[in-house]
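Using the sequences provided together with the hints, build the complete structure.
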Amino acid sequence: MTPTARPVKVVVVGNGMAGARLVEDLLRRDPIAEVTVVGAEDRPAYNRVLLSDVLAGKRRDSEIDLAGPAAAVRRLGVRVTAVDRDAHTVTTDGGEVLPYDALVLATGSTAVVPPVHGIAGPSGTLLPGVFVFRTIDDCADIAAAAGRARKAVVVGGGLLGLEAARGLLRNGLQVDVVHGASHLMDVQLDALGGAVLRRAVEALGVHVHLGSKASLVTGTRAVTGVGLADGRHVDGDLVVLACGVRPETSLARVAGLDVDRGILVDDQLTTSDPDVFALGECAQHSGHVYGLVAPAWEQAAVLAEVLTGGDASYTGSRTVARLKAMDLEVAAMGEFAPGLEECGDGTEVLQFADPVRHVYKKIVVRHGVVVGAVLLGDLSTAGPVTQAFDRGTVLPADRLHLLFAGLRSGPPAEVQDSDVVCTCNAVTAGTLRTCGARTVAEAALAIRATTGCGTCTSSVAALLRKAAPTPELVRSTA
Amino acid sequence: MAERWFTTVVVVTSTIPASPGAPLSGTTATHCPYCALQCAMSLSPAPGGGAVVAPRDFPTNLGGLCRKGWTSVDLLTSPDRLTTPLVRRRKGGPLLPATWDEALDVAAAGLRAAQAEGGPDAVAVFGGGGLTNEKAYAVGKFARVALGTSQVDYNGRWCMSSAAAGGNKAFGLDRGLPFPLTDLDSAGCILLVGSNVAETMPPFMAHLAKQKESGGLLIVVDPRRTPTAAAADLHLQTLPGTDLALANGLLHVAVDEGLIDVDYIDKRTTGWSEVVAAVGQWWPARVERVTGVSEPDLRAAVRMLAAADTAMVLTARGAEQHSHGVDTVLSLINLALALGLPGLPGSGWGCLTGQGNGQGGREHGQKADQLPGYRSITDTAARAHVAGVWGVDPATLPGPGRSATELLSALGDGGGPRAMLLLGSNPVVSAPDARHVTQRLESLDCLIVADLVLSESAAIADVVLPTAQWAEEGGTMTNLEGRVLLRGHALTPPGDVRTDLHVLAGLAERLGCPTGFPTDPEEVFDELRRASAGGPADYSGITYDRLRSGEALHWPVPSEYSAGTPRLFLDRFATPDGRARFHVVDQPVPSEPVDAAWPLHLTTGRVALHYQSGAQTRRIKALTDAAPAAFVELHPYLAESLDVADGERVKVSTRRGEAFLRVRVSDAIRPDTVFVPFHWAGRQRANTLTSRELDPISRMPSFKVCAARIDRLAAEAAR
Numbered sequence: 001m002t003p004t005a006r007p008v009k010v011v012v013v014g015n016g017m018a019g020a021r022l023v024e025d026l027l028r029r030d031p032i033a034e035v036t037v038v039g040a041e042d043r044p045a046y047n048r049v050l051l052s053d054v055l056a057g058k059r060r061d062s063e064i065d066l067a068g069p070a071a072a073v074r075r076l077g078v079r080v081t082a083v084d085r086d087a088h089t090v091t092t093d094g095g096e097v098l099p100y101d102a103l104v105l106a107t108g109s110t111a112v113v114p115p116v117h118g119i120a121g122p123s124g125t126l127l128p129g130v131f132v133f134r135t136i137d138d139c140a141d142i143a144a145a146a147g148r149a150r151k152a153v154v155v156g157g158g159l160l161g162l163e164a165a166r167g168l169l170r171n172g173l174q175v176d177v178v179h180g181a182s183h184l185m186d187v188q189l190d191a192l193g194g195a196v197l198r199r200a201v202e203a204l205g206v207h208v209h210l211g212s213k214a215s216l217v218t219g220t221r222a223v224t225g226v227g228l229a230d231g232r233h234v235d236g237d238l239v240v241l242a243c244g245v246r247p248e249t250s251l252a253r254v255a256g257l258d259v260d261r262g263i264l265v266d267d268q269l270t271t272s273d274p275d276v277f278a279l280g281e282c283a284q285h286s287g288h289v290y291g292l293v294a295p296a297w298e299q300a301a302v303l304a305e306v307l308t309g310g311d312a313s314y315t316g317s318r319t320v321a322r323l324k325a326m327d328l329e330v331a332a333m334g335e336f337a338p339g340l341e342e343c344g345d346g347t348e349v350l351q352f353a354d355p356v357r358h359v360y361k362k363i364v365v366r367h368g369v370v371v372g373a374v375l376l377g378d379l380s381t382a383g384p385v386t387q388a389f390d391r392g393t394v395l396p397a398d399r400l401h402l403l404f405a406g407l408r409s410g411p412p413a414e415v416q417d418s419d420v421v422c423t424c425n426a427v428t429a430g431t432l433r434t435c436g437a438r439t440v441a442e443a444a445l446a447i448r449a450t451t452g453c454g455t456c457t458s459s460v461a462a463l464l465r466k467a468a469p470t471p472e473l474v475r476s477t478a
Numbered sequence: 001m002a003e004r005w006f007t008t009v010v011v012v013t014s015t016i017p018a019s020p021g022a023p024l025s026g027t028t029a030t031h032c033p034y035c036a037l038q039c040a041m042s043l044s045p046a047p048g049g050g051a052v053v054a055p056r057d058f059p060t061n062l063g064g065l066c067r068k069g070w071t072s073v074d075l076l077t078s079p080d081r082l083t084t085p086l087v088r089r090r091k092g093g094p095l096l097p098a099t100w101d102e103a104l105d106v107a108a109a110g111l112r113a114a115q116a117e118g119g120p121d122a123v124a125v126f127g128g129g130g131l132t133n134e135k136a137y138a139v140g141k142f143a144r145v146a147l148g149t150s151q152v153d154y155n156g157r158w159c160m161s162s163a164a165a166g167g168n169k170a171f172g173l174d175r176g177l178p179f180p181l182t183d184l185d186s187a188g189c190i191l192l193v194g195s196n197v198a199e200t201m202p203p204f205m206a207h208l209a210k211q212k213e214s215g216g217l218l219i220v221v222d223p224r225r226t227p228t229a230a231a232a233d234l235h236l237q238t239l240p241g242t243d244l245a246l247a248n249g250l251l252h253v254a255v256d257e258g259l260i261d262v263d264y265i266d267k268r269t270t271g272w273s274e275v276v277a278a279v280g281q282w283w284p285a286r287v288e289r290v291t292g293v294s295e296p297d298l299r300a301a302v303r304m305l306a307a308a309d310t311a312m313v314l315t316a317r318g319a320e321q322h323s324h325g326v327d328t329v330l331s332l333i334n335l336a337l338a339l340g341l342p343g344l345p346g347s348g349w350g351c352l353t354g355q356g357n358g359q360g361g362r363e364h365g366q367k368a369d370q371l372p373g374y375r376s377i378t379d380t381a382a383r384a385h386v387a388g389v390w391g392v393d394p395a396t397l398p399g400p401g402r403s404a405t406e407l408l409s410a411l412g413d414g415g416g417p418r419a420m421l422l423l424g425s426n427p428v429v430s431a432p433d434a435r436h437v438t439q440r441l442e443s444l445d446c447l448i449v450a451d452l453v454l455s456e457s458a459a460i461a462d463v464v465l466p467t468a469q470w471a472e473e474g475g476t477m478t479n480l481e482g483r484v485l486l487r488g489h490a491l492t493p494p495g496d497v498r499t500d501l502h503v504l505a506g507l508a509e510r511l512g513c514p515t516g517f518p519t520d521p522e523e524v525f526d527e528l529r530r531a532s533a534g535g536p537a538d539y540s541g542i543t544y545d546r547l548r549s550g551e552a553l554h555w556p557v558p559s560e561y562s563a564g565t566p567r568l569f570l571d572r573f574a575t576p577d578g579r580a581r582f583h584v585v586d587q588p589v590p591s592e593p594v595d596a597a598w599p600l601h602l603t604t605g606r607v608a609l610h611y612q613s614g615a616q617t618r619r620i621k622a623l624t625d626a627a628p629a630a631f632v633e634l635h636p637y638l639a640e641s642l643d644v645a646d647g648e649r650v651k652v653s654t655r656r657g658e659a660f661l662r663v664r665v666s667d668a669i670r671p672d673t674v675f676v677p678f679h680w681a682g683r684q685r686a687n688t689l690t691s692r693e694l695d696p697i698s699r700m701p702s703f704k705v706c707a708a709r710i711d712r713l714a715a716e717a718a719r
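As they're listed, the protein sequences go chains A and B. For what it's worth, the numbering used here labels the leading residue of the first sequence as 1, then goes sequentially. For what it's worth, the numbering used here labels the leading residue of the second sequence as 1, then goes sequentially.
If you are wondering where the hints come from, they were derived from the structure by calculation, not from laboratory data. Ideal Cβ positions, reconstructed from N, Cα and C, are used throughout, including at glycine. Keep in mind that the hints are not guaranteed to be accurate.
Which residues of chain B face chain A? A partial, calculated answer using Cβ under 8 Å [to be verified]:
id, residue
1, Leu65
2, Cys66
3, Trp70
4, Ala231
5, Gly280
6, Gly292
7, Glu295
8, Ala608
9, Leu609
10, Ser641
11, Pro671
12, Asp672
Here you go:
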């Protein structure tokens, strides 16, 4: 594509982490591109990953802003209501018509509100005291309500639910978590991992109710609790819904683009209209709709290149889920289902559980490559394991290193005569053994060992001891 | 072709026995010829000629010397010394002995011919970070005044330029350590990023040992568990090239845990709010994926730094020698600023300068964009001041020229300069993508090299000028803490050897500048003092007499009444508003990612017994006996998967070329990374493999990471 063939006017619908990142990448590559961003929230883009820190009071909301490039035009607090693909324009709820050469849909997703009795009034407004946890406004609302509340119920025991629970605990509330599946974080963990996590969560003071879905929200003017399908009732005057998200595809549907669960895109993030693109949580690529930031940013980098005339391709992302609550550490990636009984034919499963200390680790290796891992309670090998999962790098023959940090690889090597002991003076172990010295002082005098920086003194002393065994030792071995 | 010339020359030089220099009279106080630690030593006469070395007690080396220092005198009497000029009388012919007059005439004619055809910029000058302050100053002046060329740069571009640019951007001033080295002894915590001082400047370790004794903690960031990392309380084993992500992650955690010095940020800095938002995007899980450092280690590092009463963040080449080296430095400065360290006694950010005069070498005008006193060549007032000292019209001073790598790439067939004078550097071994650079050097009409031995670069020259060694001339050096040191003139050089100052004077005279290039170092220094007066690196108050009396003078020393400035920034930073600047910086996507064809990360570096291109240390028997050859270090897991054994010879290749190296199996390195030391030439040359990709600001090449592969050799070749 020649430079003149590049889209001059780019309209990005959505000012979330995907849209904001795309604008940044785009203007870095092409500083003179005319970029207009339309964002529904009436504030600058912010880092949604840190929302639970804001809820927990660890960061002020101003500290999670994503400082975007000044060169973009921003329409904030504005919704796009229509797309005219023939005229290449979008229309906002304020009636503004924005022309585009390339349109990017980064509409993200919306929180799922389960259709249970009593959750919302006839107009669809949530019952007072019931909140979703999606935007920074939600966050502020929950924090304000937490100040007045006594007991919170979090509906949903996945990543977001547990982060919300942790944040509410830090606000001094009693917290219950209600989760329909048989174990927590069932999308990322096997049953044993979920059981260990439950112990860790309960140790923080959270009550966990598993195996039965919320079927009812009680309270008339304000919420009083959540009823479960099996008849249990959990009291609470604050309810946070963490029941997952749904790709926001309504604009794309109205515009007549191909939509499945998300807006369908190809390897260039192009929708069924060659001038319309989509990325982030609203997009569906090769059957996948990603709900994490890393894939959205990988897509942004590719799309920025595509929009500036490059020939980049997006081929999918490997995702790593992470529970971000300092005393609840979970990293989960890839396959977690195979059990120990499935080992063989190139599949290996490594597993370690210490439920009392809230530690659980499981690594799935197939044909020498990490294809899945769960690390819970001890992330000391998370860096190497994640990189091995991402890149298929060389694995230790001794697999224990994947589970535990700080292990020695094999027995300590015997010091060879050619090994340098005193680096400053290039004194080898052999020279030291044969120089006739019996003490460090004698070695210093004879061959300058230890006289440079002195950091080798203890190893020189040890070698001298070894070279000249004490009389007792000689007797005992005789 | 280079190898054929080299063979020819060895025969020639070996017919001229090196006569030992004139005997010493008594003991001379001086400093080591190698690294920026500039260990104090004394030289006294050796019974059979040459000198005997002994360490001196001094605040930097504390009475220690490394093996390189102990054996430095061996080169004084080496049979490899050049003792007479050499001239190649026809292209492709051998280098043959010549008189100084002939050699200088040929050299000057070569420079003039190039300029006659291509104008002033058709000649280049390339200097080195090992040259004394006086020589560095004279090299810059020679280029701008005698040649009138803008094409001057030096090998320090490959060492200190990223740290220098980072320091200047953040603090308004670049002095490697803005505090004396002895401040390390009592630091509560030190974060050392990309430095292996235990091998590169061993006596430095005595300071870390003292620090440990006083209860201090050490954190080392390195892809290898080097001897330095092994001595640390915490080792963060990053993937090469990801220190920026690590620093942003550390800062993210510091914010997360409320360990930021809000009061300091408010009073002494600008730009924090943008940075706090930017590092918010580097949550630990993301940092783990990029760097390989696990979250618990990130948190431990930040807590150690924040809990200490005094703490330091120190960087070296491992962090800086990248195409994003400046941004990496800035990310670590951000961390230091957020923790409230720079400008407080006992704390701060600093970089560990590498080459002997890597500090002074970057201050006196041998850099393409610089005039003496660390002045900018584009600053009108600076040009007027320096032109005044030089007695020339400011309008005649050229503007900024090409940076080192760009300059070498442009030589000859590259469309740039057709002739070059090279001093104190061996780019055939030390330049990135060295095969390409060597081809450019070979395509010059006239290459003039001043050196003490027939380095690989001298071997392809048209004119070789034999120069004196450190002990055979006087001069000053500025060490890693910005302290100016006097090197004593201990003995006269052997044979027909002259100093670099004589070379410049001789050439200048032939180029129509009979005055202005004195050969007495003290006379040059007095001129340097005037030229630097009022500049950021102000040496005007320093005299040889003050140095002889043992005064510890850290620049700036703006008058003879000034005691110098051991600690910078205590009251204000050198920025217009006195505040240090935060910078938003982000880890870039790797420009040469590993893939199926090039699956390994290659990093390069040093070993304990050799220095730089090895031109000196490879000629010292005690050193080559102990460290005879380059090698490729790789992890046992990688060795197993490649099916190669310790000691086996393998082919290491990158997109630039290949090297043949013996395998050294070590679990001290990451399994996805291999390490090759860069002190060797020919088929063992690490820089055949490295990339010429440059940092956009400092023009630092990406020495510390590229994508590579290892292939087994047939059984015969592998032995």
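- Hint numbers the structure violates, sorted upward? Going through the list in order, the structure violates no hint and respects every one.
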